[in-house]
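Line by line, the protein sequences are chains Z and B. Position one of the first sequence corresponds to residue 1 (this note's numbering), numbered consecutively onward. Position one of the second sequence corresponds to residue 447 (this note's numbering), numbered consecutively onward.
Hints were generated in silico from the structure; no laboratory data involved. Certain hints may be false.
To be verified - Looking from chain B toward chain Z, a few residues come up when the C-beta cut is under 10 angstroms (computed):
1) Pro471
2) Ile474
3) Phe475
4) Val576
5) Asn580
6) Glu583
7) Ser591
8) Val633
9) Tyr638
10) Pro640
11) Ile644
12) Val690
13) Asp692
14) Ile698
15) Gln747
16) Leu791
As the list claims (entries may be wrong) - Straight-line alpha carbon distances no greater than 30 angstroms define the calculated DSSO-like cross-link-like pairs of lysine-lysine that follow:
17) Lys722/B x Lys762/B
18) Lys386/Z x Lys588/B
19) Lys609/B x Lys679/B
20) Lys338/Z x Lys386/Z
21) Lys386/Z x Lys439/Z
22) Lys435/Z x Lys588/B
23) Lys588/B x Lys439/Z
24) Lys439/Z x Lys645/B
25) Lys785/B x Lys836/B
26) Lys790/B x Lys645/B
27) Lys723/B x Lys774/B
28) Lys828/B x Lys797/B
Said to hold, decoys possible - So these bits of chain B aren't anywhere near chain Z, every CB distance computed over 12 angstroms:
29) Gly501
30) Ile608
31) Leu614
32) Phe622
33) Ala664
34) Tyr773
35) Trp776
36) Lys797
37) Gly799
38) Trp818
This one's a predicted model, so the numbers in the text were calculated from it and none came from an experiment. Backbone N, C-alpha and C define an ideal beta-carbon position, used for all residues, glycine too.
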Amino acid sequence: MNFETLQMNIKKWLYFSILSCLVASCANENDLTQINIGDNFISSQTNFVIIDTFTVSLSTVLVDSIPTSGTGEILVGEYSDKSMGIINSQSFFQIGSPESQSINAKAVFDSLVLELNYSSQYYGDTLQLQDLNVFRVTDDIELNDDNYLYNTSTFQCDETPIGSLQFYPRPNSDALLTVRLNDDLGTKFMNLMKEESSEITTSEKFVEYFKGIALKPGSKSSCIYSFQSVDTLVNMILYTHYVEETRIDKSYKFPLYATNTSFNHIEADRTGTFIENIKTQRQELSSASTGNMAFLQAGTGLVTRLDFPGIDRMLEMGFRNILYRAELVLKPAGSIYKPAELPSELVLYNTDKYNQFGAAVVNTSGETVYADFSMDEVYGENTYYKFDLTNYFINEFADGYVNPENGILVSFTNETAKSTLKRVAFDARNGLAFKPTLKLYYIFYN
Amino acid sequence: MTKKILTITLFLYGLAVQAQNTISPYSIFGVGEVQNKGFGATQNLGGAGIAYQSGNKLNSLNPASYIGIDSSRIIFEFGIEGKNYQLESSDITQKGNTGNIKYVALGFRYNSWLAGSFGMVPFSSVGYSVATQNYVEGVDSKYTSLYKGSGGISQFYYSNAIKIFKNLSFGVNASFMFGSLVQEENVVEDSYVPAIIIKRQDFLKSMYFDYGMRYSFAAGNTNFSAGITYSNKQNLKSRHILAVYDENLSVIRGEEYNTDYLTVPAIFGVGIGIGKKGRYDILIDYNFQEWSGVVYPNQSQDFVDSHSFSMGSAFKPWQPRVTNSFYKNWEYRLGVNYKTSYLKLGSEVIKGGSLSFGAAIPLPGKLSEVNWGFELGTNGTKSNHLIREKYVLFQLGFNLNEVAFLKRQIY
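Chain Z with its partners taken away, still in its complex shape (with noise of 0.2 angstroms):
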């Protein structure tokens, strides 16, 4: 056979197939709606699976000291919580020298008041009557080398106040709250400026002269209140007058000297609450030994700690499966707190075994991740705080190992941690409606 002629044969036909072949193809596709079919007529290849059978263990850690300087709030007063014990709170702050100095040779002294304004924070009961005493600080205030004063710090005051005032406590009401202070000691700083002593002229020799005060609620005492602690909105305020052709009052107001050093010594008797063994941050107690709660409490150092004994299965399940969300959902212990007292700004800490505080818990997106606080007023049961731990566990399972000694801390944010007394006490029952649920969202595809 003559294959030269066969191949010219060939070549002729396939030039006329390509043409075609460029030419023939075309399909209108754009109708493409979709038809939808009887449900079992495929098996899905996709599965979206939500486990929920995971184990959360919660305990209670003490952390050893919080920083409460520089916050902004004096809290000030003691009460007896339900479930956290007894919380006294000694508030601490410099005053500085009075702005203006130019005294009458002839002023007579009247009085000396500290001048407070209330801020919103108060626990307890504010319908009894309240003891305040203000002391004088003998100490120098100074920070700490961190620059911090501590829930734990405390200063060394004259025994006697140099104030003292029984009152109702109205937050909401009243805007200022005045103490009378010791005739002596206002006499003796109208006769500082006078002289024009050193000791009075700047704020810096002033703070070395009268050191700070402190206040400390005295022996009726029911509730925890709070002022602002702002340089304009906390005074110490000399009375004085002098006579010429008529009576000329004038006042003298010593401000704030500085806000970072105001802070608060926080304190609680834990005698006969379920914590009450609680002594050092390496040794959580576990929601077992603490009636089935864990306990978070701002301002006195309480954190709660989450572990998820057991969680290192979930890597046994091979690969074609995406974890897409993790969800952990802790509920407030029954009817201890009302919703409405319960707080909302919760954040998440890694920690390990020592229960030191790590970086705080992210999102995908390298945000920090906030409680999402749902309240439920009217029966309570739906009152709960949800956790986006999706990238925490995506996180853990992503080099194929779990420790197990790795944790999660349950705080507040910085600012209410160290500003605030809120608290939580977290249910650990094991009944479906109360129990701390971590729910991991799987997709396994093929």
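Based on these hints, arrange chain B on the given structure of chain Z.
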């Protein structure tokens, strides 16, 4: 040179096949909707033709038939197809058109006992758009997946027929399967599931073999013939690409591996024919596909064996003469087909049938013909949440004969 052209043709044909759109939700399984690979001569016979002989045209239904090619010619076959379809579910009707190249082939004879053909024909085709709902495990909520499928498998075949005895021939068809199957699953976002896209693709590169035998004898003016075709169960090799995309269409997971999960079941066909040269042919075929036992990952129920019956006749009502009016020289064709498919959904086996008719118009001065025809078909049912498809196929084909070996007289 020929090699280059072949490569280019293969490539272009491949592109053309990618675009082909079978619009049928029933093509969601495995290789998709398996196409009848017949050329113009048998298309309008209801797909019957296992016993048909190749002559001035090629019969690709049975590789043993190529032995009938005249030794002095090369035959070129080329066909295109247009489809107008309508899909009906209990609540929706959807219409559309597709069009495509159907086949390209060459046939020739080497000597008195060996003949062959090569070319490209579609093997299967995929095209669907289906929504389904499934439960999210762990909650009482269903999510929706939108499946979209496209692509198809083409075969480049090389076929040889050998004459064993005077009336008995045997043929082997070796094919290289290529093309791609694409499935895109769009998960509709709700409060439990994210917007996610899972794309499953198969790029085929696989060999496939099928075989045929044909026997014929004449009794007076009447020719009797019989044929069988067979291909064993074969797994097509493909490169599987599995990718997961997030809502921004960035790949979050991807893998690629070789696999051979695309099973083509054993296929057995038998056909008989009666005819009188130049006047009529009657052909009857039965095809059996052993789908029971074939398993695809997305099937929800076991497949059942598929059966197909087809019958057709080609005839010339008038004695061909140059002086005839044009239509009197045409060859007319009629065919019917009935099949039960491998899909049993619920209690319903998907069944379909078609009627076809057409004609071959001889081109002047040659033995070449232009074939045209229509096929009207239906498949499936509207009941039981299923879908019925109705379609009209328009087919246009050429079988062109070229005198091949002019230099023969030198020998």
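Hints, verified against the model:
Using the Cβ-Cβ criterion of 10 angstroms, the hint placing proline 471/B at the interface with chain Z is satisfied: the shortest such distance is roughly 6 angstroms. With its C-beta approaching chain Z no nearer than about 6 angstroms, isoleucine 474/B sits inside the 10 angstroms limit, and its interface hint holds. Checking phenylalanine 475/B against chain Z: minimum C-beta separation of about 8 angstroms stays under 10 angstroms; hint holds. A hinted interface residue such as valine 576/B counts as satisfied when its beta carbon comes closer than 10 angstroms to some beta carbon of chain Z; here the least separation is about 5 angstroms, so the hint holds.
The interface hint given for asparagine 580/B is met, as the beta carbon of that residue sits about 5 angstroms from the closest beta carbon of chain Z, less than 10 angstroms. Annotation: glutamate 583/B was flagged as interfacial toward chain Z, and the flag holds, the nearest CB pair being 4 angstroms apart, inside 10 angstroms. For serine 591/B, the suggested interface contact is upheld, since its CB lies about 7 angstroms from the closest CB of chain Z, less than 10 angstroms. Because the beta carbon of valine 633/B sits about 7 angstroms from the nearest beta carbon in chain Z, less than 10 angstroms, this interface hint is met.
The closest approach between the C-beta of tyrosine 638/B and any C-beta of chain Z is roughly 7 angstroms, which is under the 10 angstroms cut-off, so the hint is satisfied. Interface restraint check: proline 640/B against chain Z, minimum CB-CB distance 5 angstroms, threshold 10 angstroms, status holds. A hinted interface residue such as isoleucine 644/B counts as satisfied when its beta carbon comes closer than 10 angstroms to some beta carbon of chain Z; here the least separation is about 5 angstroms, so the hint holds. Look at valine 690/B: its Cβ gets to within about 6 angstroms of chain Z, closer than 10 angstroms, so that hint holds up.
Using the Cβ-Cβ criterion of 10 angstroms, the hint placing aspartate 692/B at the interface with chain Z is satisfied: the shortest such distance is roughly 9 angstroms. Taken as an interface hint, isoleucine 698/B checks out: its beta carbon lies about 7 angstroms from the nearest beta carbon of chain Z, inside 10 angstroms. Residue-level restraint check for glutamine 747/B holds (minimum Cβ-Cβ distance to chain Z is 8 angstroms; threshold 10 angstroms). Taken as an interface hint, leucine 791/B checks out: its beta carbon lies about 6 angstroms from the nearest beta carbon of chain Z, inside 10 angstroms.
A C-alpha spacing of about 10 angstroms is found between lysine 722/B and lysine 762/B, which places the hinted pair at or below 30 angstroms, so the restraint holds. Restraint check: the Cα-Cα separation between lysine 386/Z and lysine 588/B comes to about 23 angstroms, which is no more than 30 angstroms; the hinted pair holds. For the hint linking lysine 609/B to lysine 679/B, the alpha-carbon distance of about 26 angstroms falls within 30 angstroms, and the restraint holds. Taking the CA atoms of lysine 338/Z and lysine 386/Z, the gap is near 18 angstroms; set against the 30 angstroms cutoff, the hint holds.
The suggested pairing of lysine 386/Z with lysine 439/Z holds, with an alpha-carbon distance near 11 angstroms, which does not exceed 30 angstroms. The straight-line distance between the Cα atoms of lysine 435/Z and lysine 588/B is roughly 26 angstroms, inside the 30 angstroms bound, and the hint therefore holds. As the CA atoms of lysine 588/B and lysine 439/Z are separated by approximately 18 angstroms, the hinted pair is consistent with the 30 angstroms bound. The straight-line distance between the Cα atoms of lysine 439/Z and lysine 645/B is roughly 27 angstroms, inside the 30 angstroms bound, and the hint therefore holds.
With a C-alpha separation of about 14 angstroms, the suggested pair lysine 785/B and lysine 836/B falls inside the 30 angstroms cut-off, and the hint holds. Distance hint between lysine 790/B and lysine 645/B is fulfilled; the C-alpha atoms sit about 26 angstroms from each other, no more than 30 angstroms. Taking the CA atoms of lysine 723/B and lysine 774/B, the gap is about 17 angstroms. The hint holds against a cut of 30 angstroms. For the suggested pair lysine 828/B and lysine 797/B, the alpha carbons sit about 12 angstroms apart, so the restraint of at most 30 angstroms is met.
Glycine 501/B, annotated as away from the interface, keeps every beta carbon of chain Z farther than 12 angstroms; the closest lies near 18 angstroms. Listed as a non-interface residue, isoleucine 608/B keeps its Cβ farther than 12 angstroms from every Cβ of chain Z; the least gap is roughly 16 angstroms. Non-interface call for leucine 614/B relative to chain Z: holds, since the shortest CB-CB distance, roughly 24 angstroms, exceeds 12 angstroms. The Cβ of phenylalanine 622/B sits about 17 angstroms from the closest Cβ of chain Z, beyond the 12 angstroms cut-off, so the non-interface label holds.
At roughly 28 angstroms, the least C-beta separation between alanine 664/B and chain Z is larger than 12 angstroms, which holds for a residue marked as non-interface. With a least beta-carbon separation of about 26 angstroms from chain Z, tyrosine 773/B lies farther than 12 angstroms from that chain, consistent with its non-interface assignment. For tryptophan 776/B, the requirement that its beta carbon stay farther than 12 angstroms from each beta carbon of chain Z is met, with the minimum near 23 angstroms. Even its closest Cβ contact with chain Z, about 16 angstroms, leaves lysine 797/B beyond 12 angstroms, as expected for a residue assigned away from the interface.
Listed as a non-interface residue, glycine 799/B keeps its Cβ farther than 12 angstroms from every Cβ of chain Z; the least gap is roughly 21 angstroms. Listed as outside the interface, tryptophan 818/B is consistent with that label: its C-beta sits roughly 15 angstroms from the nearest C-beta of chain Z, beyond the 12 angstroms cut-off.
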